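The residues making up each chain are set out below.
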Amino acid sequence: MKKILNDPKNFVPEMLDGLLKAHADQLSYAGGDVHCIVRADAPVQGKVALATGGGSGHLPVFLGYVGKGMLDGCAVGDVFQSPSAEQMLEVTRRIHGGKGVVYIYGNYGGDVMNFDMAAEMASMEDIEVRTVLVKDDVVSNKDPEKRRGVAGMVFAFKCAGAKADQGGSLDEVEAIARRALANIRTMGMALTPCIVPQVGKPTFTIGEDEMEMGMGIHGEPGISRESLKPANEIAERMLKTIREDLPTASGDRVAVMVNGLGATPPEELYIVYRRVHDLLTADGIKIHRAYVGEFATSMEMAGCSLTLFKLDDELAALLDYPARTPFFVQV
Amino acid sequence: MKKILNDPKNFVPEMLDGLLKAHADQLSYAGGDVHCIVRADAPVQGKVALATGGGSGHLPVFLGYVGKGMLDGCAVGDVFQSPSAEQMLEVTRRIHGGKGVVYIYGNYGGDVMNFDMAAEMASMEDIEVRTVLVKDDVVSNKDPEKRRGVAGMVFAFKCAGAKADQGGSLDEVEAIARRALANIRTMGMALTPCIVPQVGKPTFTIGEDEMEMGMGIHGEPGISRESLKPANEIAERMLKTIREDLPTASGDRVAVMVNGLGATPPEELYIVYRRVHDLLTADGIKIHRAYVGEFATSMEMAGCSLTLFKLDDELAALLDYPARTPFFVQV
Amino acid sequence: MFTVVHVREALRRAGEKLLDLRDRLNELDAAMGDGDLGLSMSKGGEALIEYTEPEVSPGDDIGKYLSTAGIAFNRAAPSTMGTLLATALMRMGKEAKGATHLDAPALARLIEAATTGIQERGKAKLGDKTILDALIPASQAFSAAIQQGQPLQQAARAMVEAARQGRDAAIPLRSNVGRASWVGERTEGKLDPGTVLCVELLEALTS
Amino acid sequence: MFTVVHVREALRRAGEKLLDLRDRLNELDAAMGDGDLGLSMSKGGEALIEYTEPEVSPGDDIGKYLSTAGIAFNRAAPSTMGTLLATALMRMGKEAKGATHLDAPALARLIEAATTGIQERGKAKLGDKTILDALIPASQAFSAAIQQGQPLQQAARAMVEAARQGRDAAIPLRSNVGRASWVGERTEGKLDPGTVLCVELLEALTS
Ligand SMILES: Nc1ncnc2c1ncn2[C@@H]1O[C@H](COP(=O)(O)OP(=O)(O)O)[C@@H](O)[C@H]1O
Ligand SMILES: Nc1ncnc2c1ncn2[C@@H]1O[C@H](COP(=O)(O)OP(=O)(O)O)[C@@H](O)[C@H]1O
Ligand SMILES: [Mg+2]
Ligand SMILES: [Mg+2]
Ligand SMILES: [Mg+2]
Ligand SMILES: [Mg+2]
Chain A
20 MKKILNDPKN
30 FVPEMLDGLL
40 KAHADQLSYA
50 GGDVHCIVRA
60 DAPVQGKVAL
70 ATGGGSGHLP
80 VFLGYVGKGM
90 LDGCAVGDVF
100 QSPSAEQMLE
110 VTRRIHGGKG
120 VVYIYGNYGG
130 DVMNFDMAAE
140 MASMEDIEVR
150 TVLVKDDVVS
160 NKDPEKRRGV
170 AGMVFAFKCA
180 GAKADQGGSL
190 DEVEAIARRA
200 LANIRTMGMA
210 LTPCIVPQVG
220 KPTFTIGEDE
230 MEMGMGIHGE
240 PGISRESLKP
250 ANEIAERMLK
260 TIREDLPTAS
270 GDRVAVMVNG
280 LGATPPEELY
290 IVYRRVHDLL
300 TADGIKIHRA
310 YVGEFATSME
320 MAGCSLTLFK
330 LDDELAALLD
340 YPARTPFFVQ
350 V
Chain B
20 MKKILNDPKN
30 FVPEMLDGLL
40 KAHADQLSYA
50 GGDVHCIVRA
60 DAPVQGKVAL
70 ATGGGSGHLP
80 VFLGYVGKGM
90 LDGCAVGDVF
100 QSPSAEQMLE
110 VTRRIHGGKG
120 VVYIYGNYGG
130 DVMNFDMAAE
140 MASMEDIEVR
150 TVLVKDDVVS
160 NKDPEKRRGV
170 AGMVFAFKCA
180 GAKADQGGSL
190 DEVEAIARRA
200 LANIRTMGMA
210 LTPCIVPQVG
220 KPTFTIGEDE
230 MEMGMGIHGE
240 PGISRESLKP
250 ANEIAERMLK
260 TIREDLPTAS
270 GDRVAVMVNG
280 LGATPPEELY
290 IVYRRVHDLL
300 TADGIKIHRA
310 YVGEFATSME
320 MAGCSLTLFK
330 LDDELAALLD
340 YPARTPFFVQ
350 V
Chain C
1071 MFTVVHVREA
1081 LRRAGEKLLD
1091 LRDRLNELDA
1101 AMGDGDLGLS
1111 MSKGGEALIE
1121 YTEPEVSPGD
1131 DIGKYLSTAG
1141 IAFNRAAPST
1151 MGTLLATALM
1161 RMGKEAKGAT
1171 HLDAPALARL
1181 IEAATTGIQE
1191 RGKAKLGDKT
1201 ILDALIPASQ
1211 AFSAAIQQGQ
1221 PLQQAARAMV
1231 EAARQGRDAA
1241 IPLRSNVGRA
1251 SWVGERTEGK
1261 LDPGTVLCVE
1271 LLEALTS
Chain D
1071 MFTVVHVREA
1081 LRRAGEKLLD
1091 LRDRLNELDA
1101 AMGDGDLGLS
1111 MSKGGEALIE
1121 YTEPEVSPGD
1131 DIGKYLSTAG
1141 IAFNRAAPST
1151 MGTLLATALM
1161 RMGKEAKGAT
1171 HLDAPALARL
1181 IEAATTGIQE
1191 RGKAKLGDKT
1201 ILDALIPASQ
1211 AFSAAIQQGQ
1221 PLQQAARAMV
1231 EAARQGRDAA
1241 IPLRSNVGRA
1251 SWVGERTEGK
1261 LDPGTVLCVE
1271 LLEALTS
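Residue numbers (this note's numbering), protein chains in the order written: chain A, 20 to 350; chain B, 20 to 350; chain C, 1071 to 1277; chain D, 1071 to 1277.
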């Protein structure tokens, strides 16, 4: 296992300790537990608070988006594992600014059950909680309600966070998160597995010349294992699959994200972006903003995902709104 | 070769095409050659212009720092290969705002020779060029003049870029770049090689349980090949080596960069940062700013580097000054 | 009649079994999920072992003992299965609230409460290829045997046997919930790790 | 007497040799540098082959032909070695400026100019374990043989032999400039790729 770490058991707490030290001006933690990350200035009184959470190993997702204009708090679990209901409750208490809390997180079994428990407990403390599940991974299930959440969640954080920062009500912030997510689709592919530190071996095996289309960010098998294709073909197929699920036509305005899963260099991501850009532009679709880089990763997995976000005027303005977190700055 | 690309021969031009399309609001190119990247608003009249250049495969280095408050232009070579003197001259012409140009780039044979040729040609066109070589890699040579340039160059770009943005003269901007670099040291280590697309196989081989301390960013062998050590020990040794070369004592103020070489996840970088932070803090050294992430990479190489930058009041203020490029935003 | 002393021993055995199962569960989960079931269960197991460290007195409240075990288990293992098993412990605790002694019918009610808790928390049905495919028939077999007046040993054997049959009957099915459901038809023909866990845990608890 | 026709043929042979050497130079460079020497030289080789595509007339200016070849070579291969070889071509071009015919002493001056150009551009000395360790003795041997009135074939053989000896004499040395210098003592005992290139190129040019 080629990793720079100390005892694998301390991987997450040491990572969090380092991160809190590096970003003490922006981040703090609640309840004496470094897994309960909150904005340094939490609670922001009179603002709807946004929280997320999930397993570690996906930086910048999830905690990397805690900061001004995006999220107020994040409960951090062990690698690829949900945080506990207690930790989520701790974050919820600390960020609540009197106007309620919106949970936005990925549709994974453990997370859903724990966040549900946390929401039940929070409501017993008179904190109103709304839950918005991210289910943007188009190929993970035919039933849109059963899909898992991947990189597209960043756009939801961005728009809902902007709405909350602008003084939106609990209803309004929840509605923006839902409307954004209704217009967000992602598809991913992987070339190599990653290694969970405490497991110590790759999450799956794959041939030296193979790729897996539709691979999940925890190494969940995708829709097809096949020989490695050229970047243009990969880009085309991901875009086609997404557009079959999210109809887009000439005159539409979109944001595009080409996201690296960890080991894939930005150079390769730009080669993928190039093809996506050319195809969309050729169809008369306007690219309002392009995001190319690592936004939601799987440790050292090689591969990428493509996210399309169809915008209306309000969503575009919310996406453009400034934000500042340790991993995401937009001016 | 597990890479997402089309024909390896087109790796760099396709990457640049995608990048220019993604960041058309911030970047443009000179002389009809996508290898000659310049700020979209170049030339900025009445400002000293800053240029860099070097081989591809190190994103965000080099072109990723072209933007407001940092660099004006960058000549981009093929993977790990210098751009040509002609390309550098093209960039120089396009960014010159009447107050001269400062070249800041890494001390590599091919680059030095081509930039020297470019500077000679530019002076024949009455453009005054100053050259500042980056030689921050402490272990690459005992003789400081023969060292190679690595991640520390980003701090030099930042400070010199801020000085130029504030209206500094050619002498002043050059002096800041030199003063910054006199106070910057970096050391790196690697766990895995990377693959140059047109070569198609790893730059070196290394055992499954080995690391190389002092490894260069093109895979140049380092100072010792040894069994993989815990993160804390790696951090301690890099810090110790750097501090032997750049004396630091209680009361000093520094900026710290823990830089990932490509495949190493940010989680691991924060574990390294944590140890560096604790050691410096224990010695009474104040950490003015911490940068943890990918700032200078080697494609999909696993490993990291540590950079220490000893600050005086002016350098600290210049480091704090806002900047905005496609890869680096500071507010 | 069972007291908290027996419950403590049973939880301890369960905890040790979870440690033993680490590699096997990781492997099974890797084949159709994310390969971490052994990891999270061994953490839960450690928490149970630590939790059962202190002595108990035969007159202690069994319900409270089980509920608090559930909270400790969730803290240590907040994964899907960890949360389901924590819910099971908490529901058993709720069912046994105030009791210091349990007879066979009370034991059957506890197992029913655990099964219902897992169904409500996870919203899965029989045939979805989850732990429930082993647990529901096991719980039913146990309750039926107790109702028929069979001795406890025999009822326990019937329960474990029903769990085994449920586990094996689920092999050809396709996973319909949780991470494994994303794998789709490739889960057909494979053992569901949750059903394996169920069989092993029931064996450990009744041994 | 040599005309541009011979020069063109020589450059073409050099270009083809550079293509042939691709893998070998990559391997040698990987052992002590960044492993790209074969890559850049094959690009330079392609550029030379393309450059020598058009016919030339025996009366053309040899100097101009060589200078322009240097610019084309630098554009295609702006690496350390590429820039040095481009400089060599340009300096030979400067030396031969205006000439349509070259005799043996003129050829010797061309090779001396190339050697000086590489020294000035790269600032390396004899013994630094670079291409110069083969090129300087080769150039000296050629000039000496021509001065002694030896026939061209024999002078060429002396040149190549001197380059070989320089290449081999550099094996035990430690690289003192360029990327390889960072490798330090681990370069001792290894062939410098630049010296190998020098021998091969001189062989190709004189064959
Ligand atoms: N909704 C559910 N209800 C009941 N059991 C479930 C449910 N989802 C998954 N499972 C069971 O949990 C097992 C996987 O547990 P675990 O590895 O903890 O999941 P994850 O890694 O997704 O958090 C599966 O084998 C299955 O038996
Ligand atoms: N300053 C120099 N002067 C002359 N030759 C040099 C110099 N630096 C390096 N070399 C030669 O160049 C060879 C490496 O060339 P190349 O692979 O192009 O370098 P790089 O990859 O560093 O650009 C070395 O083997 C050596 O012979
Ligand atoms: Mg899991
Ligand atoms: Mg090179
Ligand atoms: Mg699992
Ligand atoms: Mg080289």
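Note that these hints are calculated values from the structure, not bench results. As the structure is a computational prediction, the values presented were derived from the model and not from experiment. Backbone N, C-alpha and C fix where the C-beta goes; we use that ideal spot for every residue, glycine too. Don't take every hint at face value.
When the alpha-carbon atoms are kept at most 20 Å apart in a straight line, the in silico EDC-like pairs for lysine to aspartate or glutamate are as follows [said to hold, decoys possible]:
no., chain 1, residue 1, chain 2, residue 2
1, B, K21, A, D297
2, A, K28, C, D1130
3, C, K1193, A, D135
4, C, K1134, A, E252
5, B, K40, A, E333
6, A, K248, B, D26
7, C, K1193, A, D297
8, B, K87, B, E191
9, B, K165, D, E1182
10, D, K1087, D, D1130
11, C, K1193, A, E255
12, B, K40, A, E255
Listing some non-contacts, in silico: residues in chain B with all C-beta distances to chain A over 12 Å [said to hold, decoys possible]:
no., residue
13, K21
14, M140
15, R149
16, T260
17, Q349
Quickly compare the C-alpha distance for K40(B) and E255(A) to 20 Å and report which way the hint goes. holds, 17 Å
Hey, K165(B) versus E1182(D), does the alpha-carbon distance stay inside 20 Å? violated, 28 Å
For the pair supplied as a hint, K1193(C) and D135(A), is the alpha-carbon distance within the 20 Å limit? holds, 12 Å
Holds or violated: are the alpha carbons of K28(A) and D1130(C) at most 20 Å from each other? Violated, because 34 Å separates the two Cα atoms, which is more than 20 Å.
Report holds if the minimum CB distance from Q349(B) to chain A is greater than 12 Å, and violated otherwise. At about 7 Å from chain A, Q349(B) fails to clear the 12 Å cut-off, so the statement is violated.
Measure nothing beyond the straight line between the CA atoms of K248(A) and D26(B); if it is 20 Å or shorter, mark the hint as holding. Distance ~11 Å between K248(A) and D26(B) Cα, so the pair holds.
Next pair to validate is K21(B) with D297(A); report whether the Cα-Cα distance is within 20 Å. violated, 24 Å
Far enough from chain A: is every CB of that chain over 12 Å from the CB of T260(B)? holds, 17 Å
Can the restraint linking K1193(C) and E255(A) be considered satisfied, given a maximum Cα separation of 20 Å? violated, 37 Å
Take a quick look at whether K87(B) and E191(B) sit within 20 Å of each other, Cα to Cα. Holds: K87(B) and E191(B) sit about 18 Å apart, inside 20 Å.
Within a Cα-Cα threshold of 20 Å, do K1087(D) and D1130(D) meet the stated pairing? The given pair, whose Cα atoms are some 25 Å apart, is violated under the 20 Å limit.
Within 20 Å, alpha carbon to alpha carbon, are K1193(C) and D297(A)? violated, 44 Å
Violated hints for the displayed structure, listed by number in ascending order: 1, 2, 4, 5, 7, 9, 10, 11, 13 and 17.
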